[in-house]
Amino acid sequence: MKKYMGNKLAIFLFVVPALAVFLIFDFIPIIQVFAYSFTDWNGLTIPNFTGLKNYLELFGDRVFYTSNRNQLIFAVIITVYQMFFATVFAITISDKKMKGRKFLRVAYFIPVILSVTVVCQLWGAILSGEGLLNKLFEAFGSDFRQNWLGDRYKAIYVIAFVNAWQWMGYQFALIVAGIKSIPSDYYEAARIDGCSNVKAHMKITIPLLAETYKFCLIISLTGGIKAFTEMNILTGGGPNKSTFTLTYMMYNAAFKKSNYGYGLAAASIMVIECMLIMLVINFIFREKDQKKEEERSRRKRSA
Amino acid sequence: MKKKLVSAIACMTVAASTLVGCTGSSAPADTAAPAETQTETPAAETKTEETKTEETASGDKVTLSIYTQYADDDTKVPYDYAVEQLKEAYPNVELNLIVQAQDDGQTLKTLAATGQLPDIYQASTDLINTFRESNQIMVLNDVAQSTGFLDKLYDANKDLAYAEDGNIYAFPFSGQEYVLWYYNKALFEENGLEVPKTYDDLLNCIEVFKGKGITPLALFGQEGWNTAAAYDVIATRYATGGIKALDEGTASVTDEGYVEAAKMMEKLVAAGLYQEDATTTNYDQASQKFLSGEAAMFINGQWYIEDATKELGDNVDWMFYPAADEASYEAGKAAFSGGGSASGFAVNPDSENAALAAEVAEFITEKYCEAKVMYRHNPLVALDTGKEPDSEYPAMMKKLSDTLPTITSTTKFTWGLTNSTFNDAIQSESQGLVSGQFTADEFVENVADAQ
Amino acid sequence: MHNEGKKSILHYVFVAFCWIYAAFSLYPLIWMLFYSFKTNQEIFVTNPFGFPWPLHYENYITAWTKYDVPLYFLNSLLVSVGTVALTIFCALLFSYATSRMVWKGRTFTRLFLGLGMFIPVQAIMIPVVKVVQNFHLMGTRWSLIFPYIAINLAFSCMVYYGFFKGIPMELEEAACMDGATIYQTFFMIIEPLVRPATVTLIIYIFLNAWNEFILANVVVGSIPALKTLPLGVLFFQGEFTTDWGGMGATMVIASFPAIIVYSIFSEQVESAMTIGGAVKG
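Protein chains in written order, with our numbering: chain V, 1 to 303; chain A, 1 to 451; chain W, 1 to 281.
Treat the hints as calculated values from the structure; they're not laboratory data. Glycine included, each C-beta is placed from N, C-alpha and C at the ideal position. Be a bit skeptical, because a hint or two may be false.
Stated by the list, open to error - Computed, partial: chain V to chain W, Cβ under 7 Å:
id: 1; residue: V21
id: 2; residue: F22
id: 3; residue: F25
id: 4; residue: Q32
id: 5; residue: A35
id: 6; residue: P111
id: 7; residue: L114
id: 8; residue: L122
id: 9; residue: L136
id: 10; residue: A190
id: 11; residue: A267
id: 12; residue: V271
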């Protein structure tokens, strides 16, 4: 069996296509990003090596800290929102007794299909000063009107919500697909044991989908760190760069200030942050994996 | 099961061969295309961009790629006119239009970095300076001489053609441009208000308009240049150099005038001069607010005269910027915000047909100026075209023309600034002031850091 | 079981919430459709949310005449389908090898490839275009397809990894005993089991490729014969003003294929499951 699953030729053939594309179109460019981050490159001229200058400047930049704070807020909000609603809706949809579940399944996914521009335009219209939301508050006689997107501290939460709302459908679809791949006899067994529906899911679905959840966690958190488009359309990074992220810093430095090297330093830090998050998540989930594997081998032995 | 697998593989092969087939056939299909679709309608002009050719064997047809704006009337009308004229003057030249993206030069810089720069491209001051360093912009001195461009160039616009090193890198088509403070005459009259001369008058207007639920001044503060202009119209009342002097380093933002201007702006923001969500408002939102009478004032360039007149007719006018007191108001009438910028059509020196491209670029520039005068009623172009507009100039344009001789100083629009670090700072810091969440002291401190 | 009555009230509240949320998710579709029939003035001042009246259907005419919609459409379709097919192919094989086969360095290889998820396109744009040029792909549709595969690969591999991990090892053991080769085992037994993931990924990758703008603008922006649909919006964005209604029309034209693809494949998720279940049973 070990030989069977260790077929060298098969492994080679399976790994090579993906690895080749990755190396050529991802890895080589990423290496260049890191290399150029140590230079004064403006994108066009021959770069001069400037050592850590870009990084030192970055760490002294007020916007660098704003960006990191924003990314953190963004990541936390979209993670909590998306994973919570995706799970709840996925479980609801998977319940065969739920009426109209096919329709709901399509509906929850619709925002994902639309381009970010459309979604941001819509939310921009809802959240603007004279927008729908403020008018609603007015109609109810409340003076809780806010400058939703223009507030230096609060805007980032609002933008994070828009992002979370749009991409929730994707995690929802992944979890639905995950639930479908769980054999239904597991649930039947649970039902026979007298578990309620919710309880059955808590005991079966969530643990069995650990890998899917790990993955959702990674895309939400790193998605928060990479965020750019929503800010670009909804606030333009403003007011006064209050809704910047590192990607935005990169964009701003490279194309507005013709300081590509500095921008790539920001991008490099961002990649490192994402990698750290992925490693930490892998580390947290690792113990469980090991336990599972041990259990598996134990079962095998006893069998 | 086996059947499924086979069919899946078959599907994939079909998909792959389709792709291969397409890429293989794409080139000949292109060269065949241009011959069949050439009609005279203006709509067909845009289609020239659909029909890309290399130099084909049939005759000496040359296709030049051109990267320029093509979206609203102000950019479409001149382009279509230029293409039409080009057909007569250079029948062997065809243009492949690449529509400019509104992305801070990201596309053009990437094209340049990867050696795909179009033959002719519209370049801003920032791009000219960047491309000069990398030798990706052609020196056009000789062409400017031989084509008579220099003879047609208005004296006042000489500085727009030449870069600091005394060379011409781009043919400008826009002349000197000005930031105008537009206002809705009808709204002022209805509310019994005079055109404000001093900031005290302005504060009074703000109060009256706000009481009526009218936005005093609609700013499109999502765009940094508009907030920078909003600061500049105040700054020039205290120091005529405005942001231009800051950009060139001949003044410091910590100078008394600039500090006072920032403080005044802070005060006006607190009073509610701009709409609350100004920093997230885009151009179309703000403009629609002004044109529909929901806002009483608007800050924009003189190119807006045409659109504003079309919509508001006699009810719209522009005012001299208010100042601290009447004396400085009168004195300030000669100092305008805005100004020309060294930008225009540039040529890629590595182009196969660089010499021809330079000539065509000059030709197009001339035609742009003509179209702007004739069809856009904008006489503020770079060249003396000798053309007359197809109808009378709007009243606001006449008023501006009458004022021009008395103007003694101008500043710059942000796209004319040369120090990109300062440019970035003034745009975002002025936006901070507009938001009302950053103080004048913070503004001064941060801009000083960037200077 | 003692508080059944209370439970059902909660249940109805919850069901109502599910439906309201669904309505809220569907609203942008209707809003976009309305939007595409309005003028700038209606969009920003007079009628931002209501039904468009009169219908400014000329937005669609403008969109149709400004650029070659069928050509752009075809290009988008070819590029998207090519990207989807090749990404799925690469990711399936790679994830199988890294999740279930036994070899040294598989965890490292897997995490290494994951790196691709973290880099923003704007940062690697110039290097990527240079690579594309070095491989002489410029002027072909591969100039978009390969970078798109690279962009979607890491994500797809991660999704597959999770699904492969959930399949019991016994399946391969049984297949091995029956004398199937590893290739037969993979294509006939394992691959059908992850169909739900495949279908989900097809939708995701297709949408990504279909909506991609930044790279497409740089790579094929100057080659009219190869332009894709998202580039159409450029014809509406001026330096200052934007024709939002026309842009809305363009976006409606671009979104419909995506919605069709989704409705077809979301049905497939359901049926794919039946196949997977049958094998397991």
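Now for the hints, and whether the structure bears them out:
{"no.": "1", "hint": "V21", "result": "holds (5 Å)"}
{"no.": "2", "hint": "F22", "result": "holds (5 Å)"}
{"no.": "3", "hint": "F25", "result": "holds (3 Å)"}
{"no.": "4", "hint": "Q32", "result": "holds (4 Å)"}
{"no.": "5", "hint": "A35", "result": "violated (10 Å)"}
{"no.": "6", "hint": "P111", "result": "holds (5 Å)"}
{"no.": "7", "hint": "L114", "result": "holds (6 Å)"}
{"no.": "8", "hint": "L122", "result": "holds (5 Å)"}
{"no.": "9", "hint": "L136", "result": "violated (11 Å)"}
{"no.": "10", "hint": "A190", "result": "violated (17 Å)"}
{"no.": "11", "hint": "A267", "result": "holds (4 Å)"}
{"no.": "12", "hint": "V271", "result": "holds (5 Å)"}
Violated hints for the displayed structure, listed by number in ascending order: 5, 9, 10.
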